[in-house]
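J.: The residues making up each chain are set out below.
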Amino acid sequence: MDEEDTRDFQQACNQCSVINWGISDEGKFFCKSCHNVIEKTADVASEVFMQNARVNTISKGLKKRDKLDRGCEWYVCEGFQYILNQQAKALVNLGTSPLIKDEILCNIWRRYLQKSRNAYTNKPIDHSNRKRTISESSSGSSGLQTDSDLSLVRGWSSLSESDPESQDNSIQSLNDTVVSDDEATSIRSGSIDGRLYLRAACRKGLLMSMPLTLAFCYLALLWLRESITLADLLRFVSERHVPYLNTFQYFPEEMKLYGPDIHIFQVQSIPSYEEIQRKMHQLAEFLDMPRFPEITEKCFLHPNILCIKYLMEANLPESMHIWTRRLVKKMGIGEVDFLTFYPLSRRAKTIKYEVQAVAVIVVALKLLFVLDDKHEWFLSNQADEINKQNSEGLKLFQFKKWYKVMRLRLGESEKEVEEQAARHMWKCEKPLFFSIKDKSVIYKRKRMIHSLKKQFVRLNSSHQTLEKGGPSSFRFNWSEDNSERPCFHGDSLEAYEKSERITTVNVHYWVNCLKICRDKYCGHLTKPEEKHFPGSYLFVLNLFSFLLGIEFSILHQEVCQLEHILFDIPETLKRKRKYK
Amino acid sequence: MDAEIAQLIAEQDASTCEESVWASCSHPEIRLPLPTSILQFQNVSDRKQTGFRKTVQTCLNRIQNTMFHHQWQTAAELMTNYFQILEDNTTRKQESASKVVWRMGTAILQHHPNSCTEDISLFAGKMKNIGVKHYLKVCLEHAIHLLCIGKMDEAYRELTLAETWRYGEKSVDQQKVLKLIQGYRAMLDYYTWAKKNGVLHQTADDAVDSYSTQEIHNYFRQASIGLHDAVQIPGVWDPFILSYVNLLDFYDGFEEALTVLNNYAYNSKFPPNPNAHVYLYEFLKRHEASPKKLMKVLRILYQLVPSHELMLEFHSLLLQSEKKKHHKEALGVLFCLLDFPTWKENDCTWKRLMKQMKKAIAQGHSDWIKEQWELRQDWWPAFHFSEFRAHRDFEENESSACRKAMIAGILMGKGCKYFATIYRLGYKVQNVKLKKMRQYVKDHNLLQLSAC
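Protein sequences appear in the order of chains A and B.
Each residue of the first sequence is one higher than the one before, starting from 1 at the first, in full-length UniProt numbering.
Each residue of the second sequence is one higher than the one before, starting from 1 at the first, in full-length UniProt numbering.
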């Protein structure tokens with residue numbers, strides 16, 4: 001009897017440091033070895049008589065849990081904070097500077113909270129049933145002196161400390177402090193403001209959403225001038241190296257998702273390149289971000305460096321880099337002012353760094369090989385003969401050979417990607433339900449699906465798990481000594497370089513998109529139809545858009561824009577019109 | 001060669017010169033041709049589809065593809081990824097998905113080398129739970145699968161369970177399936193009844209106790225009730241009808257069985273079904289009905305399926321009759337039979353035709369033959385009486401070839417190819433017989449008749 005009651009009390013006696021407690025007749029704890037009686041009393045069944053004693057021993061976990069097992073109360077932005085935290089950790093794991101988490105992303109997030117009047121403000125947004133006991137901050141480590149939403153501040157203060165221990169505790173403590181005695185909130189949504197969140201979309205400012213978390217990440221990466229481009233980021237997301245899908249299932253136990261929360265946190269698709277780009281711009285504007293750190297020639301995001309990367313990846317000769325450099329210089333897209341993001345300037349513009357670099361390569365290929373389904377083959381035949389004549393020395397690059405190798409490789413990879421896409425799992429293990437009514441149905445369905453899966457998995461006894469490689473910013477790798485997949489990095493381009501001047505290198509150069517929409521003089525380029533493109537140009541675009549994981553048309557548009565700059569086409573057209 | 005290509009290219013470029021825009025003074029060297037074809041406006045219609053749906057769709061396509069190529073292993077693997085569709089956010093999608101999962105999953109399990117019967121039963125059980133709307137269908141198909149692999153008892157259990165299933169109001173579709181289930185269950189009852197009854201008859205009379213008779217009667221009752229209900233619904237119920245009629249017949253329910261069969265054959269709500277008439281005819285024949293009745297049934301069958309093998313019986317029935325009208329009809333039946341390739345080389349039919357034609361000629365009814373022949377004279381010569389056929393027929397069977405030649409001779413005169421060929425081939429062997437035949441043909445062919 002005694003043993004049962006004292007088992008839970010594992011504190012050593014402060015006189016003899018032995019854990020050997022007994023309970024006296026009066027219900028008091030005493031040490032069996034030194035007979036020291038302490039203040040603690042046993043919580044035996046006689047609650048009626050010993051209510052005081054009962055209160056003393058109540059455990060922490062019983063606090064503020066309602067019957068529906070809804071967990072603790074939390075706010076939507078806390079959920080996003082948690083997700084951002086996870087994403088930042090993942091990015092650090094991928095090799096970005098650790099600063100990203102505690103300095104950059106944290107500050108951007110704070111700024112967002114302030115701007116969107118979620119925290120750090122005297123006038124917090126008024127959720128209709130937002131009541132919150134502002135409890136005393138027990139950790140007291142908050143360096144930010146604002147008087148509302150201390151809990152959030154506390155969450156972040158610990159997040160900004162680079163101590164992983166406190167990291168994990170942050171949400172815990174955050175939840176502990178978010179204690180509300182408002183029973184009215186116990187309906188439908190798990191979070192306190194989830195129900196009103198989407199309805200509040202019309203209010204000013206930028207509403208936090210799942211795609212916006214990626215915009216945050218991208219903004220932070222851009223600020224740090226990290227070597228992860230947006231295309232890379234999105235690929236890591238789809239390959240699960242950066243958490244995005246079903247991040248909520250890693251929420252702490254106490255943060256439960258119900259009803260409207262699901263709409264907010266559940267992800268049905270991975271956002272497109274353009275969407276994130278646009279969101280990032282909006283976000284930067286919303287946050288009044290200052291001019292970003294300059295992107296100089298040494299930075300990864302500079303077209304020259306990106307060009308090298310993509311030349312390598314596309315298995316093109318290194319000497320093409322001379323041409324891309326020339327083009328970059330000629331078009332003026334390598335200048336610091338052009339590349340640096342300055343959201344508040346009037347003609348602020350987000351640059352698709354990697355798309356632009358790839359477009360430069362495409363233009364260079366067009367300059368050298370024309371890509372009109374005639375010249376490139378003709379030139380390849382010529383090159384073949386030249387190579388035969390001088391079998392020693394540098395090989396001349398042959399477009400034909402390259403095309404064959406790359407088409408094969410592209411086909412394989414596309415198949416692989418499709419295979420993976422078909423096997424992509426979107427739903428999480430954790431059952432989600434919109435209302436308590438559905439609960440049993442959803443649980444049942446989950447169990448059913450689980451058992452179905454088990455049955456079919458068992459069927460394939462010889463299960464071969466697809467080996468998932470580590471994260472890499474390269475899709476293709478080419479090495480010199482592989483006869484099946486020859487590498488063209490070392491080939492020369494000498495014979496094609498007939499002229500030093502870019503504009504004269506190839507008289508057959510064609511411009512694929514000159515028409516500018518004349519409707520109300522909007523100035524947009526019209527999109528030509530895919531099927532009318534020359535085959536080899538189409539292939540090159542397909543190859544690069546596959547490498548970047550973007551849509552074909554985005555790349556084509558970028559190429560057109562570069563051509564406009566390169567040949568000053570608006571000017572040309574104007575003159576021509578005059579001439580007529 | 002290459003130089004030629006270069007020349008060609010240069011020429012082509014020159015021809016497009018007129019359309020091209022010449023860059024102005026700033027870049028005098030480069031010219032910018034404008035391919036007009038690619039400058040069409042394009043409406044970009046980006047229908048938003050979530051990544052989840054896209055994934056599921058590609059997965060489905062791949063599974064169907066692998067199933068089509070009988071790669072069951074891969075299909076099963078992909079199925080594990082496809083189950084997530086059951087968690088789609090819209091209920092409509094979920095429902096349609098459960099059907100797809102059920103169909104594909106069953107097919108995969110039935111063909112997968114590693115799966116066993118238990119797997120299929122387990123899967124069916126799960127599917128009943130997930131897609132409640134398809135509960136009855138799953139039951140029925142599973143039962144049929146069990147029947148296919150010879151597990152009668154399990155199938156019976158499955159069907160009885162499904163019969164007693166209650167879940168809200170049943171849709172029209174479900175009602176139909178339920179009837180089917182009842183029908184199949186009754187079928188199995190009948191099966192058991194037939195088996196036990198057979199055993200009972202084999203054992204000696206005095207060994208039969210009242211208990212087993214009672215038991216057998218129970219089966220009879222269950223089966224007859226179920227079958228009775230099932231065959232009321234318009235449709236094709238061939239095996240059910242047969243069983244039901246057998247049951248009734250056994251317990252002396254002649255009248256009842258007859259109504260059932262009559263209803264099955266003549267009710268206009270039922271789809272036209274030749275078998276219905278066949279069953280009716282067989283039933284009547286078994287009970288020795290009058291030839292008039294039999295003829296009536298067969299006449300309808302004759303209209304539905306002139307090439308049915310019962311037509312020979314119909315022919316003999318007609319011949320047995322005294323009436324001339326019937327004899328004329330019988331000739332028509334034979335001609336009709338020979339219209340079909342399946343009867344083309346049937347000796348018996350030709351023999352009968354020969355016999356009847358001779359009889360008709362003897363009785364002075366050559367016009368009957370003429371009437372039939374006129375309908376066919378443009379295609380029968382090529383169909384039956386070609387020279388090639390004559391050679392082949394003669395090689396296979398001389399006497400039947402001769403018979404056929406005689407018919408050909410009567411129909412088309414002795415000059416026709418078939419007759420001439422057979423005559424030439426057979427002259428050396430059967431001199432006398434053929435000469436006789438020739439004479440007969442000479443006197444009685446249709447041309448002769450029309451001439452006089």
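Quick caveat, the hints were computed from the structure, so don't treat them as lab data.
Watch out, some of these pointers could steer you wrong.
The calculated DSSO-like cross-link candidates involving lysine-lysine, where the alpha carbons are at most 30 Å apart (straight line), are [claimed, not checked]:
#1 K93/B to K427/A
#2 K436/B to K355/B
#3 K324/B to K293/B
#4 K430/A to K293/B
#5 K439/A to K358/B
#6 K370/B to K351/B
#7 K292/B to K328/B
#8 K453/A to K128/B
#9 K99/B to K444/A
#10 K439/A to K170/B
#11 K415/A to K427/A
#12 K388/A to K374/A
#13 K99/B to K128/B
#14 K170/B to K437/A
#15 K446/A to K170/B
#16 K358/B to K325/B
#17 K126/B to K453/A
J.: So, for every hint listed, does it hold in this structure?
T.: To see whether the hints hold, each was checked on the structure:
1. K93/B to K427/A: holds, 15 Å
2. K436/B to K355/B: holds, 16 Å
3. K324/B to K293/B: Given that 30 Å is the threshold and the Cα spacing comes to 18 Å, the pair holds.
4. K430/A to K293/B: Given that 30 Å is the threshold and the Cα spacing comes to 73 Å, the pair is violated.
5. K439/A to K358/B: Measuring from Cα to Cα gives roughly 87 Å; hence the hint is violated.
6. K370/B to K351/B: Distance ~19 Å between K370/B and K351/B Cα, so the pair holds.
7. K292/B to K328/B: holds, 16 Å
8. K453/A to K128/B: holds, 16 Å
9. K99/B to K444/A: Judged against 30 Å, a Cα distance of about 18 Å means the pair holds.
10. K439/A to K170/B: holds, 26 Å
11. K415/A to K427/A: holds, 23 Å
12. K388/A to K374/A: Holds, at about 22 Å.
13. K99/B to K128/B: holds, 10 Å
14. K170/B to K437/A: Holds, at roughly 24 Å.
15. K446/A to K170/B: holds, 26 Å
16. K358/B to K325/B: Given that 30 Å is the threshold and the Cα spacing comes to 17 Å, the pair holds.
17. K126/B to K453/A: Holds, at about 11 Å.
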